[in-house]
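Asker: Using the sequences plus the hints, can you model the full thing?
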Amino acid sequence: MLRVYVGAPRRDEKGASAVEYGLLVALIAAVIVLAVTALGGTLNGIFEDTNDAING
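With my numbering as the guide, the letters of the sequence shown map in order to residues 1 to 56.
No wet-lab data here; the hints were simulated from the structure. Among the hints, a few may not be true.
Said to hold, decoys possible - Label-pair distances were calculated between CB atoms; the ranges are: (1) Gly41 / Val19: 32 to 42 Å; (2) Gly45 / Gly22: 34 to 44 Å; (3) Ala16 / Asp49: 47 to 57 Å; (4) Ala53 / Leu23: 38 to 48 Å; (5) Asp49 / Ile28: 22 to 32 Å; (6) Tyr21 / Ala53: 41 to 51 Å; (7) Glu20 / Asn51: 40 to 50 Å; (8) Ile54 / Leu23: 42 to 52 Å; (9) Asp52 / Ala16: 46 to 56 Å; (10) Ile46 / Gly22: 31 to 41 Å; (11) Leu23 / Leu43: 21 to 31 Å; (12) Leu23 / Ile46: 26 to 36 Å; (13) Ala30 / Asn51: 23 to 33 Å; (14) Ala30 / Thr50: 28 to 38 Å.
Yeah, the Cβ is synthetic: ideal placement off N, Cα and C, and Gly gets one too.
Answerer: Encoded structure:
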């Protein structure tokens, strides 16, 4: 009976860790999407200017 009681919190911690990692991945993905959205126009302009300079 003691084994069951001692082993139970470990399973809960593994589940909590998985949820925390999932939230962390979601946060990183959201930051990447926001950064690409915010910088997309600027990066597009830089690439167009570079392309124009190369092609003359």
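Asker: It remains to establish, for every hint, whether it holds in the given structure.
Answerer: Cross-check of the supplied hints:
no., hint, result
1, Gly41 / Val19: 32 to 42 Å, "holds (36 Å)"
2, Gly45 / Gly22: 34 to 44 Å, "holds (36 Å)"
3, Ala16 / Asp49: 47 to 57 Å, "holds (49 Å)"
4, Ala53 / Leu23: 38 to 48 Å, "holds (44 Å)"
5, Asp49 / Ile28: 22 to 32 Å, "holds (30 Å)"
6, Tyr21 / Ala53: 41 to 51 Å, "holds (44 Å)"
7, Glu20 / Asn51: 40 to 50 Å, "holds (43 Å)"
8, Ile54 / Leu23: 42 to 52 Å, "holds (43 Å)"
9, Asp52 / Ala16: 46 to 56 Å, "holds (53 Å)"
10, Ile46 / Gly22: 31 to 41 Å, "holds (35 Å)"
11, Leu23 / Leu43: 21 to 31 Å, "holds (28 Å)"
12, Leu23 / Ile46: 26 to 36 Å, "holds (33 Å)"
13, Ala30 / Asn51: 23 to 33 Å, "holds (31 Å)"
14, Ala30 / Thr50: 28 to 38 Å, "holds (29 Å)"
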